[in-house]
Each structure stands twice: as structure tokens, then as C-alpha cells.
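Go ahead and model the full structure; you've got the sequences and the hints to work with.
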Amino acid sequence: MFFTYFGQYLLLLRAVFRRPEKWKIYWKEIIHEMNEIGVGSLGLIAIISTFVGAVMTMQIAFQLVSDLIPTSVIGQINRDSSILELSPTITALVLAGKVGSSISSQIGSMRVTEQIDALEIMGINAPGYLILPKILAGITMIPVLVIMSIFLALMGGLLGGSLSGAVTPADYLNGITDGFRGYTVAVALVKAFVFGFIITSVSAFKGFYVRGGALEVGQASTRGVVISCISILVADYIVTALML
Amino acid sequence: MIEVQNIHKSFGDNHVLRGIDAKFEPGKISLIIGGSGSGKSTLLKCMVGLHAPEQGKVIYNGEDFTRMDFEARIPIRKEIGMLFQNSALFDSMTVEQNIIFPLEMFSEMSRSEKVDRANYCLERVNLAGRNKLYPAELSGGMKKRVGIARAISMSPKYLFVDEPNSGLDPETAILIDELISELTDEYQCTTVVVTHDMNSVMGIGDYILFLYKGQKWWEGSNKEIAHTDVEELNNFVFASPFMKAAKERF
Numbered sequence: 001m002f003f004t005y006f007g008q009y010l011l012l013l014r015a016v017f018r019r020p021e022k023w024k025i026y027w028k029e030i031i032h033e034m035n036e037i038g039v040g041s042l043g044l045i046a047i048i049s050t051f052v053g054a055v056m057t058m059q060i061a062f063q064l065v066s067d068l069i070p071t072s073v074i075g076q077i078n079r080d081s082s083i084l085e086l087s088p089t090i091t092a093l094v095l096a097g098k099v100g101s102s103i104s105s106q107i108g109s110m111r112v113t114e115q116i117d118a119l120e121i122m123g124i125n126a127p128g129y130l131i132l133p134k135i136l137a138g139i140t141m142i143p144v145l146v147i148m149s150i151f152l153a154l155m156g157g158l159l160g161g162s163l164s165g166a167v168t169p170a171d172y173l174n175g176i177t178d179g180f181r182g183y184t185v186a187v188a189l190v191k192a193f194v195f196g197f198i199i200t201s202v203s204a205f206k207g208f209y210v211r212g213g214a215l216e217v218g219q220a221s222t223r224g225v226v227i228s229c230i231s232i233l234v235a236d237y238i239v240t241a242l243m244l
Numbered sequence: 001m002i003e004v005q006n007i008h009k010s011f012g013d014n015h016v017l018r019g020i021d022a023k024f025e026p027g028k029i030s031l032i033i034g035g036s037g038s039g040k041s042t043l044l045k046c047m048v049g050l051h052a053p054e055q056g057k058v059i060y061n062g063e064d065f066t067r068m069d070f071e072a073r074i075p076i077r078k079e080i081g082m083l084f085q086n087s088a089l090f091d092s093m094t095v096e097q098n099i100i101f102p103l104e105m106f107s108e109m110s111r112s113e114k115v116d117r118a119n120y121c122l123e124r125v126n127l128a129g130r131n132k133l134y135p136a137e138l139s140g141g142m143k144k145r146v147g148i149a150r151a152i153s154m155s156p157k158y159l160f161v162d163e164p165n166s167g168l169d170p171e172t173a174i175l176i177d178e179l180i181s182e183l184t185d186e187y188q189c190t191t192v193v194v195t196h197d198m199n200s201v202m203g204i205g206d207y208i209l210f211l212y213k214g215q216k217w218w219e220g221s222n223k224e225i226a227h228t229d230v231e232e233l234n235n236f237v238f239a240s241p242f243m244k245a246a247k248e249r250f
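These protein sequence lines are chains V and S, in that order.
The first sequence lines up with residues 1 to 244 when you count with full-length UniProt numbering.
The second sequence lines up with residues 1 to 250 when you count with full-length UniProt numbering.
Hints were generated in silico from the structure; no laboratory data involved.
No false leads were mixed into what you were given.
Simulated DEER-style distance windows between Cβ atoms:
id, chain 1, residue 1, chain 2, residue 2, range
1, V, 32, S, 188, 35 to 41 Å
2, S, 248, V, 22, 54 to 60 Å
3, V, 35, S, 139, 28 to 34 Å
4, V, 186, S, 109, 42 to 48 Å
5, V, 238, S, 126, 58 to 64 Å
6, V, 32, S, 241, 53 to 59 Å
7, S, 71, V, 242, 34 to 40 Å
Note that CB positions come from ideal geometry on N, CA and C, so glycine has one too.
Here it is, written out as C-alpha cells:
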């Protein structure tokens with residue numbers, strides 16, 4: 001069963017990456033999707049990242065009770081956790097729910113109302129026209145969102161740490177700049193790229209092959225989110241194991 | 001001309017089409033009729049390439065469509081216009097954008113030429129000035145007409161119509177039939193219509209193909225159908241007591 005679906009997914013991807021009929025039309029769609037995925041998710045990601053950063057700082061401070069450890073370490077731990085794990089993974093899981101379900105239900109509705117059949121009859125490569133712009137928008141905008149999420153998580157940490165008195169702003173800023181390695185940001189970007197591909201392609205796959213009506217579109221959307229989330233966690237482990 | 005030869009199609013154990021042969025001539029309206037589950041929509045989908053038949057051929061002007069890959073089918077697909085049962089308009093686009101869409105993909109027309117073409121197609125279906133409306137703002141009959149306008153935007157050589165009258169009042173249904181008839185004359189296209197509607201059968205059926213249990217059971221014209229003695233066809237066409245009485249008087 002798994003191999004049947006995986007094979008079907010690979011065949012769909014082959015059709016997605018076929019040469020577009022007209023780049024001009026596709027380009028318009030890519031910009032539209034970048035706006036939907038990127039700008040449309042900015043507020044949600046900003047709120048989540050800021051609070052996660054603030055809470056992380058307070059929890060790290062709660063666990064580091066020894067006088068032998070300088071409080072600037074709180075900033076260091078928050079920085080590396082946010083860059084390497086929390087920002088890419090939480091952003092991806094949130095977007096799997098928000099963007100993924102939207103993609104599945106949009107494509108699924110087009111399937112059950114014969115709009116995809118209409119595209120195919122016109123001679124348009126429906127997987128390419130509908131899915132390629134979403135994948136390209138996902139793999140470009142999700143890394144951008146992750147970078148913003150990292151920045152906001154660190155700022156949230158500064159705010160949370162200073163408001164709660166867990167760490168002074170000077171110590172925190174010292175901590176997040178001390179021993180910083182740019183490679184960790186590269187790992188975060190690789191993760192974001194992979195997660196962006198998973199979210200858009202898996203959700204589109206579930207929507208594209210839906211059969212039935214409104215109920216099945218909803219079910220496909222839910223399955224798309226569940227499979228995307230599991231795939232993100234597996235990919236997270238693999239990328240971490242390969243790069244660190 | 002479109003020719004189908006020995007088409008077989010199954011879904012699991014359900015053998016829907018069992019060796020259909022037929023020829024659809026240009027400039028004529030061919031109707032595929034039959035009861036629910038007789039395979040008429042499946043045959044239409046096999047003809048346009050939405051279903052792949054297990055056996056048999058669909059031939060467009062001598063070219064075997066069933067054996068072509070996606071790329072090879074594109075030139076033929078550009079000559080196909082299709083109206084779906086539920087119109088299948090792109091709901092995120094306006095009426096004008098729906099009609100222009102195939103032109104944007106496949107033509108090198110300027111923006112103003114495309115808008116002119118959309119206006120012409122809308123005038124042709126009596127919907128002039130409705131360019132900026134969205135499909136959700138249209139009635140069922142208007143959606144069908146926009147679907148027809150989109151289907152003719154590329155001046156099709158082959159026009160496929162799936163249940164054009166379903167969900168429409170009798171008066172609008174006759175208008176849609178008349179429109180299909182006029183467009184077939186205008187473009188001299190090969191028009192294939194799947195229908196249940198007896199007004200269409202009697203009104204516009206130059207050639208009628210009756211399917212029964214996935215097989216070709218009868219073929220002929222709308223003039224011949226009234227005099228047929230094929231029991232299954234009579235049971236389908238003259239199903240109501242009123243129609244039976246009308247046939248006896250006729």
C-alpha cells in the first residue's frame with residue numbers, strides 16, 4: 001500500500017516538473033502563491049516564534065540554577081535551539097496545518113468539480129500548472145519565514161528574559177552573539193527547504209487524487225496534514241543526522 | 001471526424017464499456033444516450049482522454065489518440081472544446097478570465113485581441129457585458145453558457161458536451177440546444193453530446209448512439225428513433241405514459 005502511494009507520488013512529481021506551457025502564466029501563479037504562503041503566514045509565525053522564544057528563555061533559566069554557569073549561557077542555548085530545531089520545525093508544523101490544508105482542499109475541490117479535467121482537456125499539464133507554483137513558492141518562502149522566525153524567537157527570548165528577570169538584556173545579547181556559528185543557520189535553511197517541499201508536494205498530492213465530494217476533500221486535507229507532519233519529523237531527523 | 005473502435009473500459013470488476021464502435025461526423029450533432037450506468041459518460045471520457053480504455057482505439061482524423069503520450073496529444077487537445085455537466089468553470093477567475101485562459105496558454109494574441117475574442121464569445125452565448133462576474137454569481141444556465149463560451153474560445157474542431165441540460169428549466173434547456181446547434185454549423189465541428197433529455201434527442205440529434213449495458217444497442221437519426229421497434233430503446237425514449245401515447249399517435 002505504502003509503495004503504491006509512494007510510486008503515485010513520484011509519478012505526480014514527474015508530471016509537476018514537466019516543461020511549463022508558458023512561463024509567463026506560471027510566473028504570475030508563483031508570485032501569487034509566494035504571497036499566499038509567505039505574507040499570508042507571517043503574522044501567525046511571528047506570534048508563535050516570539051512566544052516560543054520567550055518561554056524557552058524562562059524555562060532554560062529555570063533549569064540552570066547553578067551559580068557556576070553564567071547567565072549568558074541562556075542566550076546561547078536559546079539561540080542554538082531556535083536556529084537548529086525550534087524555528088524550522090515549529091514553523092513547518094504550523095504551516096503544514098495552515099498552508100497544507102489549504103492546498104489540499106483547494107486542489108481537491110478543483111478535482112471534484114471537474115476543473116482539473118477541464119485543464120487536462122485544454123491540453124494544459126494540470127499537475128504542473130496547479131502544483132509547481134506552490135512547490136516553488138514553498139521552497140522559497142518557508143526558508144524566509146524560518147529566518148524571520150529565528151530572529152523573532154531570539155527577540156522574544158530577550159523580551160521574556162528581561163521581563164521575568166531571568167537574564168539581563170546585556171547577558172542575553174552577549175550569549176546569543178558569543179560562539180555563533182553560521183553553519184547552524186545553513187542547517188536551518190536546508191531543513192526549511194526540505195520541509196517546504198514536503199508541505200506543498202504532499203498536500204497537493206492528497207488533493208490531486210481525491211475522489212468523491214466535499215466529505216472526501218475534507219478527509220484528504222486532514223490526511224495531507226497528518227502525513228506532512230510525520231514526514232517533516234522524519235526528514236528533520238535525517239537532515240540533523242546528516243549535517244550535524 | 002472521430003472514430004471509436006472496439007472500446008472496452010472497466011472499473012475493477014465492473015465492465016462498463018463492452019466493445020463500442022461508432023463514427024462521429026463533422027458538422028453534425030451526435031448524441032450518446034442511454035440509462036444511468038449505461039456507460040455514456042465513460043465513453044465520452046475515453047474519447048477525450050480522461051479515461052484510458054483497456055482495449056480499442058479513439059481516432060481523430062486518422063490519428064490514434066489512445067496511443068499518443070501527453071505531448072503528442074496537445075495539438076489535438078487544442079482543437080477540443082468541452083462543456084462539463086457542472087460547467088467546471090475556474091471559480092477563482094472571472095467570466096472573462098475563464099474564457100481568455102486557453103488563449104493565454106496557447107495563443108500569441110495581444111491582450112486586447114484576447115478581450116475582443118472573449119467579448120465575441122460572450123455575445124455569441126447572449127452574455128455580453130458579464131465579463132467581470134465570478135462563477136458563484138451566475139445562475140446554472142448562465143454557467144453553462146459561459147462554459148460554452150470557454151469551449152469555443154479556441155474555435156474548436158471537436159466539441160464535447162456532457163449533459164448540457166441537466167438542472168435547467170425546459171426553456172433554458174432548449175436555448176442551450178439551439179446554441180449547440182448554431183455553433184456546430186458555425187464552426188463545422190464534430191459535436192458529441194451526452195444527454196438524457198428527450199427534447200435534445202428529438203430536436204438536435206443528427207446521429208444518435210444508444211448504449212445499453214455498456215454495448216451499442218442502436219444507432220440512427222432523430223427521424224428514425226420514433227419508428228424503432230427496439231424494445232430497450234423504446235422503453236428509454238418513450239418511458240412515460242404521455243410519451244407512449246404520443247408515439248402511438250405519431
